[in-house]
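In the order they appear, the protein sequences are chains F and H. Numbering of the first sequence is given in my numbering, commencing with residue 1 and proceeding in unit increments. Numbering of the second sequence is given in my numbering, commencing with residue 1 and proceeding in unit increments.
By construction, these hints were calculated from the structure, which means they are not laboratory data. Wrong hints could be hidden among the right ones.
[What the hints assert, rightly or not] Below 27 Å or equal to it, Euclidean Cα-Cα: the simulated BS3-like pairs (lysine-lysine) are:
no., chain 1, residue 1, chain 2, residue 2
1, F, K132, H, K132
2, F, K81, F, K207
3, H, K188, F, K108
4, F, K188, H, K108
5, F, K133, H, K133
6, F, K207, F, K239
7, H, K133, H, K239
8, H, K132, H, K188
9, H, K132, F, K134
10, F, K132, H, K133
11, F, K132, H, K134
[Claimed, not checked] Estimated spans, in silico, between C-beta atoms of each pair:
no., chain 1, residue 1, chain 2, residue 2, range
12, F, A199, H, R93, 48 to 54 Å
13, F, L18, H, R75, 40 to 46 Å
14, H, W51, F, R75, 56 to 62 Å
15, H, D109, F, M89, 45 to 51 Å
16, F, N46, H, L18, 32 to 38 Å
17, F, P79, H, R47, 56 to 62 Å
Here a beta-carbon is modelled for each residue, glycine too, at the ideal position from N, C-alpha and C.
Protein chains: 2
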Amino acid sequence: MKRREFVVSGLALMAPPLGVQALVFDVFGTVVDWRGSIIREGESLNRARGWKIDWAAFADKWRAGYGPSMDKVRRGELPWKRIDELHRMVLDRLLDEFGLASLREAEKDHLNRMWHRLHGWPDAVAGLTRLKKKFVIATLSNGNVSLLTNMARFAGLPWDCVLSAELMRHYKPDPECYLGAADLLGLKPGEVMMVAAHAGDLRAAAKAGLRTAFVERPLEYGPGRKADSPPAGVDYKAKDFLELASLLGA
Amino acid sequence: MKRREFVVSGLALMAPPLGVQALVFDVFGTVVDWRGSIIREGESLNRARGWKIDWAAFADKWRAGYGPSMDKVRRGELPWKRIDELHRMVLDRLLDEFGLASLREAEKDHLNRMWHRLHGWPDAVAGLTRLKKKFVIATLSNGNVSLLTNMARFAGLPWDCVLSAELMRHYKPDPECYLGAADLLGLKPGEVMMVAAHAGDLRAAAKAGLRTAFVERPLEYGPGRKADSPPAGVDYKAKDFLELASLLGA
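Next up, chain F with everything else stripped away, as it sits in the complex:
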């Protein structure tokens, strides 16, 4: 597929949306602030329970354990697992490390569901609400369906439908995810645009024939740590969902 020239941020207000009918969104980091949300909920636990956990370190290690867990599934060392289960495997190791191994099972489960209780970036709800007027908007996340559904209720995210790697039994960036999402939406890959703050996700989406939009999330990994840059050949680039809505005429 011929890729469109990179559109300079802010200079493409009148650009047509390239025949795109649906936008599918990466969620962790792109729509919601996983790190800030875990830190805030964790710090309120510190206050309530008298703990002294470094929740920034906890969040970073939790997130860092997630890619290698998926790789174990990809290599066949583990059977298919939803992200809730992968999060729990990593959590169980961290609870030992952070001195929380004595928590009751219900407390561990509640802690694991922090990922169901993540807050959107400040522009997320307003931006999605604008985009939804013009496009079908759906998740396309490695998060499982119930995680994404509960998060949508918690954070007020107005999805038209919840699509997940769980439905394809392939995690992103496997091509089955992107092609499966287009198929479920009844669209050709080129009629779907992947929106993400991560270059690898967008590269894989483009390779599968989807259109791509990069959104900057400079604080995803915390202040002072570098966020991802847009990959070459991305169709749109925006500093947040409100700018993306303007670029797409929504």
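Position chain H against the provided structure of chain F, taking the given hints into account.
Positioned in the frame of chain F, the structure of chain H alone reads:
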């Protein structure tokens, strides 16, 4: 599982919701008025095109062809097909019968997507909006994901997520549908309640371990034709979604 006694309509305002966390809804006939919607869109086509089609007869025959088409898939005479494809198979026969075989392909496709443009019963949006405050609300329909997603946008149905037979590759009333929906919601079957205007759907859901609510839709098949009655052992019975919300304390 021990089934709860039948709750007399209107007398159970204080009844607890039995541990139910999510409601899954049959859609065609229960949430949306497929017959009235097809007749109304068809009659506006009659006016615009000078046709004299009997759209009530057309709608009834279209709907009647759908069960036998699913049975062909169940028996293995056809490979898996989404409902859009089954609707189209039936439509192609009806276009011959009703003298519309000369329509262009784009017109036939647009006609087939009438099922994406169905209107909710008058209580549907208000009732779902109330129920959503207390429960996760999802579709559980034989309609495919894109059909249900487009319909939600068209009719303003505020689903938390769109679940479909397409995701399980089994049509209702196969047990895989009900069990698969509970699994995707991360719930036990008994934590999910099936809401439908059809006894067969509710009997199959109960057999799979779900809770059940029957909603009356006396006009589903048109005036003068009998609608379905609640099956024995149903947990709740309501005359519409607003009464169901009251019965469930939502």
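Going through the hints against the structure:
no. : hint                            : verdict
1   : K132(F) with K132(H)            : holds (20 Å)
2   : K81(F) with K207(F)             : holds (25 Å)
3   : K188(H) with K108(F)            : holds (19 Å)
4   : K188(F) with K108(H)            : holds (19 Å)
5   : K133(F) with K133(H)            : holds (23 Å)
6   : K207(F) with K239(F)            : holds (23 Å)
7   : K133(H) with K239(H)            : holds (20 Å)
8   : K132(H) with K188(H)            : holds (19 Å)
9   : K132(H) with K134(F)            : holds (24 Å)
10  : K132(F) with K133(H)            : holds (21 Å)
11  : K132(F) with K134(H)            : holds (24 Å)
12  : A199(F) with R93(H): 48 to 54 Å : holds (50 Å)
13  : L18(F) with R75(H): 40 to 46 Å  : holds (43 Å)
14  : W51(H) with R75(F): 56 to 62 Å  : holds (60 Å)
15  : D109(H) with M89(F): 45 to 51 Å : holds (46 Å)
16  : N46(F) with L18(H): 32 to 38 Å  : holds (37 Å)
17  : P79(F) with R47(H): 56 to 62 Å  : holds (58 Å)
Violated hints are absent here; each numbered hint is respected by the structure.
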